[in-house]
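Residue-level listing of the chains:
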Amino acid sequence: MIRTLARPALLLLAQMVLTLVLAPLLPGIVNKVKALFAGRVGPPVFQLYYDLARLLRKGAVFSRTTTGVFLAGPAASVAVPFTAALLVPMGGATAPVSFAGDAVVLAYLFGVARFFVVLAALDTGSAFEGMGAAREVTFAVLAEPALFMGLATLARLSGGPSLAPMLTAAGQGWRAAGGPLALVLTAWVIVFLVENCRIPFDDPNTHLELTMIHEAMVLDHSGPPLAAVLYGASLKLWVLGALVVKLCLPHRGTWWIDWPAFLGGMTLLACGVGVVESIMARLRMRRVSQALIAAVVSGTFGFLLLLLA
Amino acid sequence: MISALICTPLIAAAVVWFMKPGLHRARVLPVAGVIHLALVLAALARSAHLQPGAWFRLDPLGGWMLLVVSTIFTLCALYAPAYLALRMERNFGVFGVAMLGFLGMASLVAVSRHPGVLWVGMEATALSTTPLLYYNKNKRSLEATWKYLLICSVGMALALLGTFFVAYAAQQGGLGEPIYLDRLVANAAAMPTPWLKAGFVLLLVGYGTKMGLAPMHTWKPDAYGETPGIVGTILAGGVTTMAFLSLLRFYSIMAAAGLGPFCRELLVGMGLLSMTWAFVFMIRQGDLRRLLAYSSVEHMGILAFGVGIGGKATLFALFHVAANALVKSVLFLGSGNIVRSFSSKNLADVSGAMRRLPVSGWCFLLGFLAIVGSPPFAPFTSIFGIASTALGSGRLLAGSLFLALLAAIFTAMGSVILPVLQGNPNPASVRTHYEDTFGLTAPLVLALALALVLGTWLPGPLQTLLSRAALLVEGQP
Amino acid sequence: MVLQSLYFSALLLATLSGVPGLAGSARGGRVASWMLTGSALCALGLAGSVLYGGLAWQAELRWALPGAHFLFRGDPIGTFILVPATLVPAILSFYAEGYWSDGAHADTAPGLRLFFGVSVGCMILLTAAANAVLFLFGWEIMAILAFLMVTTSDQDAAVREAGWIYLVASHTGALMLFAGFALLALGTGTGFDLGPMRPGFASTSAGTAAFLLLLGGFLLKAGVGPLHVWLPGAHAAAPSHVSALLSGLMLKMGILGILRIIAWTPDPPLWWAGLLTGLGAASGIMSMAFALGQKDLKRLLAYSSIENVSVIALGLGLALAGKSLGLPALVLLGGAGALFHLLNHALLKPLLFMGAGSVMHATGTRDLERLGGLARAMPRTAFLFLAGAFGICALPPLNGFAGEWLIYLGAFRAIQPQGWVWAVVTLASLAVIGALTVACFTRAYGIVFLGEPRRELGGPAHESPRSMTGTMAVLAGICLFIGLFPAALGRALQAAAGDLGPGLPPLGGLAGLGALTLVAVIGIPVGLAAWQAIRKSPSSRSITWDCGYAAPTARIQYTASSFSRMLTDAFRWLLLPIERVPRIQGLFPRETRFQSQAPDTLLDRGMNPAASFVASVLSWLRFLQAGHLPIYLLYVVLTLVALFAWTLQ
Amino acid sequence: MTPNLLLAAIMLINFMLVASSRVSKCIQLAALQGGLLALVLLLMHDHWPFHVLLMAFSTAAIKGVVIPAMLNRAQDRMKPQREPEPYVGYTLTLVMAAAGTGLAFILARRLPLQAGNLGTLFVPASIMALFTGFLLLTTRKRALLQVVGYLVLENGVYLFSLLLVKQMPLLVETGVLLDLVVGIFVMGIVINHIQTAFDSQDTHRLAHLKD
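Protein chains in written order, with our numbering: chain C, 1 to 309; chain R, 1001 to 1477; chain D, 2001 to 2649; chain X, 3001 to 3211.
There's no promise every hint is true.
The calculated SDA-like cross-link candidates involving lysine to any residue, where the alpha carbons are at most 20 angstroms apart (straight line), are [what the hints assert, rightly or not]: (1) R:Lys1345 x R:Leu1465; (2) R:Lys1345 x D:Gly2627; (3) C:Lys58 x D:Ile2543; (4) R:Lys1137 x X:Lys3210; (5) D:Lys2536 x C:Gly59.
Facing chain D, a subset of chain R residues (Cβ under 10 angstroms, in silico) [said to hold, decoys possible]: (6) Ile1035; (7) Ala1038; (8) Leu1365; (9) Leu1369; (10) Gly1394; (11) Phe1410; (12) His1433; (13) Tyr1434.
These aren't lab readings, by the way, just hints derived from the structure by calculation. None of the values given here were measured: they were computed from a predicted structure. Cβ atoms here follow ideal geometry from the backbone N, Cα and C, with glycine treated the same way.
Please put together the full structure from these sequences, using the hints given.
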């Protein structure tokens, strides 16, 4: 009895602690890589931890226009990736919470975050934040089917709509179904970059509000709410990154190989993002939807290819 | 008993004629109507005991039709005193005599067992309604009367020739006078088919003219458009019913002679043509009465179609005679009230009738919904019955055409009627002093209630009567 | 016998609920509400026995009308729909006491209440009617009453037109049902008593025609595109609690019909599933595109209703596919998903329409471009509308999610080998629809309740009375409960879906509804804790920062049109929006405004012009009756000649 | 002796009716046709019982004298005015009448006669009269001419009824006489009204009621 409960409990503990602690590290790695590419020293890898600590100590300023929804945005952007982290398998064979259909729940959880973040943006009555919100919901319309076409491919490969078997089957299936999986990977990487507002689709560090998507929506947050937003963003980067990494990573079944491999993969992914951000320019807004359409097409072809195989 | 059916209205007509002018003349009508209705019911109850083979007899088919006509007449008669009170400038004598004369002649048609007498009765019905058409005594009503007279006379001449053709066929089949309908049906198999076919074509065109099947219906919109609503009711619910009965009398001979399929095809064709024609002319119709006239054409088409489908649809077609007549009386009488209160027949001037005249307006709305076949009113039962029999017997094309036409007609009719009823009354046209009174609305409500009762509950005796009548139509005793 | 009396008590209580108020007593509204509540309680008792207790009932009575027969059958599907069909109207009736009170609407309120009650009675009738004539009675009377309710404010020309289009659509649908039931009788062999068809009938030409006609009639009522044309106008024109009834429940009667078709067909051809799925996918995406183009809050909600019935159609498509391929799991997931979504929409959409009604009550307008910032003036309404918007986006943990989730599960199961690979269309379209819905409802809530008012309104907005917000809260509470504990409905769903096909596996084995509770139990406390934590932190108030612009005005806010501009541009080919693009000229350009409105393409660009065209062409035929008697007589001759020619040929 | 000679004469009158442009002439021709009908009736019987004589007499009286006289009176009462041009020209009407005659013969071949009447022209003559009546009704504008058309149409019906007169005298007598008398009588009244109301009998003007 205790043995059967111990393994999940251990998994839960390991996964959640690692996620919550290590997530802010990812943006740090990205920025460090970017700085190295630019020939600068750059901020320390732990910069986000310092920022969060500083913001949490500060007070917040709220617009008189805002209502309670304004704070629901930051709250949701923390709570959603937190909950989602429970559903995604990382180092273990399975996720702490795993059931048939958890893939759908995962996708819709991010919908919850989007819902509240967009409302929080509209709550300020600011033109920029409205603009960011409009863009956010528009791009999601293409990102969702791309994600789901990938899920469909994996579901057919694994035999069911549960993330853990899906991703395990994917990791194992590169030899048998390399083509479809490569297409799914393409689609998901695009979705990953868009959803986390990375270059070439969005620039988290830009200073021109007119070109922003996600950052425009949080312009009015300050202090602890801003900390929640930033921390939530890093959690989201982590969770979605885990999806991409697990898609490529074969599962060995021994924890001391799988966990380091996973963490290595995450680091590699962060470095990869850094490299992309360094060598690519930001796309024009119109191109973003074209890239997302490419992702949808890619996911669809992945599925079709699997059908033919 | 039978002679009382014919004589009571005629005696009442005489009474009206010899009374002093005044409103009390109009009060004879409801009395005569109620007595007649009671007589019809009593005769129907006793019909089983009557001997076959006589010149006059009330069989289930004729009884059913007469019941319908008598009911419609009574409703109109109840409406008449209140209506005529609004038109004190007119002489009620001609009106009352013509109305009662019509009822007497309709009774004659219903009970006659001889094709010649049947024809005479129909002709007399036509003539007795002519003065009613000219009731308004203006140029427009004169034109309508002239058209009615000429078109219907031609039609009646054709019907007469058709009757002669059938009689000639009977003569060739070895039958001599008196050629009672029962004898014709019994010996139909021996008659030469070419004559029967040609005769039926003539009869269809002839009595079809009187019924108002397209394209012989052309007198209808003019006649209905230029007469008071009460006359429209008598024409749409009474004269057409009797013409239909006359046609059915001959149809049953054809069916007994084995020409059923031939006649049915003609009837289906004429029925669908009438519905199509009615649909085309209902679109953007600018005159309420003419709209109702086309609706009457449509429903004559439905009757022909129903008999043409045969089987159970025949029964539903017979039922539809009553359904249509009752609802048409609501619509015609209601339109009378609406037109009077807005003092215009031109629909561009009329709106918001449901606010201006709550009772008449609501009755008219419900009547409209009923006539297009919405439950719980009687036309639903018959239209659904006819359509389902058509489709159920494998006549997919005819059945779907029928339903498609009904949908189209609903659209055409509603887009004209609803603007009349809804909205605010046009302030420019609310000057008349007309108001709904009990006498002017109670008949409407009564007719609607009857349509509602028949739509939700068909009493056993009526069902028996209808199914026996349907058997008679199909040429079976 | 107990079940029968429960059913008929529900029927009578609902039907008669409007009668006491006709006498002019001031308490008519309250009496009606309690009678409807009684009806709902009866229905709940019935649902407990039939869905959870596994009982069934039947009532039969002779009816002296040819072909007709009082035959009631309390099957689980009907009972499942009966619950919202009585419960929601009861809640709406309490709402209406404040919203359409006898005091403010003395001329229309009693009549409206009567129609409301009778139409609920008709719906109760429909859930158990097992005879085609009986069914059509309920169906048509309900449609007519709905027409009368939609045109309550018939002084307004737009209302009249909307009501008229509704009436045409529903009558056309009814005529299709006439034909469909007539053909169905060929397959059942029981006359007009409804029941299963014989095997093989569905593939015959009569069976195909019956299916298409019945489907057409039912989809027309349900409002699945392209048969939705009547829906937006009617929903916008009606008083809000009537819109709620129309959208939440009457549309569902069409779905009930389709569920019944599935239940009656032992061997549906596979293309039926394909047709339903294709329609659902296309209509779902289309309706959301239109919703994003709307400026009228109620029209927006109406398009969202189309989206939701489309999602239900997607579920039904899966169930049909499962039935024709012999995959009971698919029948169960598709059917249960559709039923669950039906229930959820029946709860959520009334909540939203009540919110919209509350907004209109407070501001007198439903034009998005004029509204804004209402959340501060009417916080309770805002919160409850938010709950509804969140739920309708099918986001966990509210109830909207659970139903869609079941459909997703079915689709994922279908795309496996030996399944029905076209379910990938279901999957992809659900994903797109989901994202579009979020866009649509963040827009609706954000524009109406957040920011600042965009134009001057007549006066300050005020919160609605408790009777209105309280009833909304009850609905929201039910939604939350179902969202948190969807497994509570497991048995009911299992029982209702069990009607659709034989030998269905247990739902618990295919979809762990309890897992959703688990996710909610983890996620909600985390979210609340985070919210509480940042709310407690020290804060100060200021103006919106807006990148340093010191004097933000309401005019610079994003408007409803601008928020959805990118998406409506993407669907420009479908929406054909009418736009007023500002022309800015000179050094000091005059005040100008960008505006965009999307009329219903199919209705306003397709059907209405087509109808006018046909009418004009046919009007040209009027020369046939130009008044000349000789011509009329010529018709008689020609008919005679034609008939003789035909006879003698 | 067969009545074919008389029947041919009746058919000839039809042609003359169609071709003639004057109202008074048309009335005369119609009267002549009525008289011939009475002769045909007499010819069909070998001996003449009272009721046959009565019927022949009344036919001749009504169709040959009373109605033409009535129509003539209506014609005289009218102010002299130009005859309105018919809808279809006289030549064309004549051609149509000829075509109608051909059709009538074709139709008659399909309708076999009884042994006693074999070889007679009753059916074609009757159908042709019917057709001529229709031609007058549909091509002429004068209300009076339309009544003449109706009269000719009735003559066609009467002609056919002669086939039945031996076996079914009752049917024939009631039908034909009542129809004619009553129909024409009422039409006469209405024509009078039209004359007063419109100051003309040009039915072309009676086209206010239309769609």
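Structure-based check of each hint:
1. Between the alpha carbons of R:Lys1345 and R:Leu1465 the distance comes to roughly 40 angstroms, so the proposed pair goes past 20 angstroms and is violated.
2. Only pairs whose Cα atoms come within 20 angstroms are accepted, and R:Lys1345 paired with D:Gly2627 is accepted, the gap being roughly 18 angstroms.
3. With a C-alpha separation of about 19 angstroms, the suggested pair C:Lys58 and D:Ile2543 falls inside the 20 angstroms cut-off, and the hint holds.
4. The suggested pairing of R:Lys1137 with X:Lys3210 holds, with an alpha-carbon distance near 19 angstroms, which does not exceed 20 angstroms.
5. Restraint check for D:Lys2536 and C:Gly59: satisfied, since their Cα atoms lie roughly 10 angstroms apart, inside the 20 angstroms limit.
6. Annotation: R:Ile1035 was flagged as interfacial toward chain D, and the flag is violated, the nearest CB pair being 28 angstroms apart, outside 10 angstroms.
7. Interface hint status for R:Ala1038: violated, as the beta-carbon distance to the closest one in chain D is roughly 23 angstroms, over 10 angstroms.
8. Satisfaction of the interface hint for R:Leu1365 is found here, the shortest Cβ-Cβ separation to chain D being roughly 9 angstroms, below the 10 angstroms cut-off.
9. Against a cut-off of 10 angstroms between C-beta atoms, the interface hint on R:Leu1369 holds, since the closest Cβ of chain D lies about 6 angstroms away.
10. The beta carbon of R:Gly1394 comes within 8 angstroms of a beta carbon in chain D, closer than 10 angstroms, and the hint placing it at the interface holds.
11. A least Cβ separation of about 5 angstroms between R:Phe1410 and chain D falls short of the 10 angstroms threshold, and the interface hint therefore holds.
12. For R:His1433, the interface hint is violated, the least distance from its beta-carbon to any beta-carbon of chain D being 23 angstroms, above 10 angstroms.
13. Annotation: interface hint on R:Tyr1434 violated; nearest CB of chain D at approximately 22 angstroms, more than 10 angstroms.
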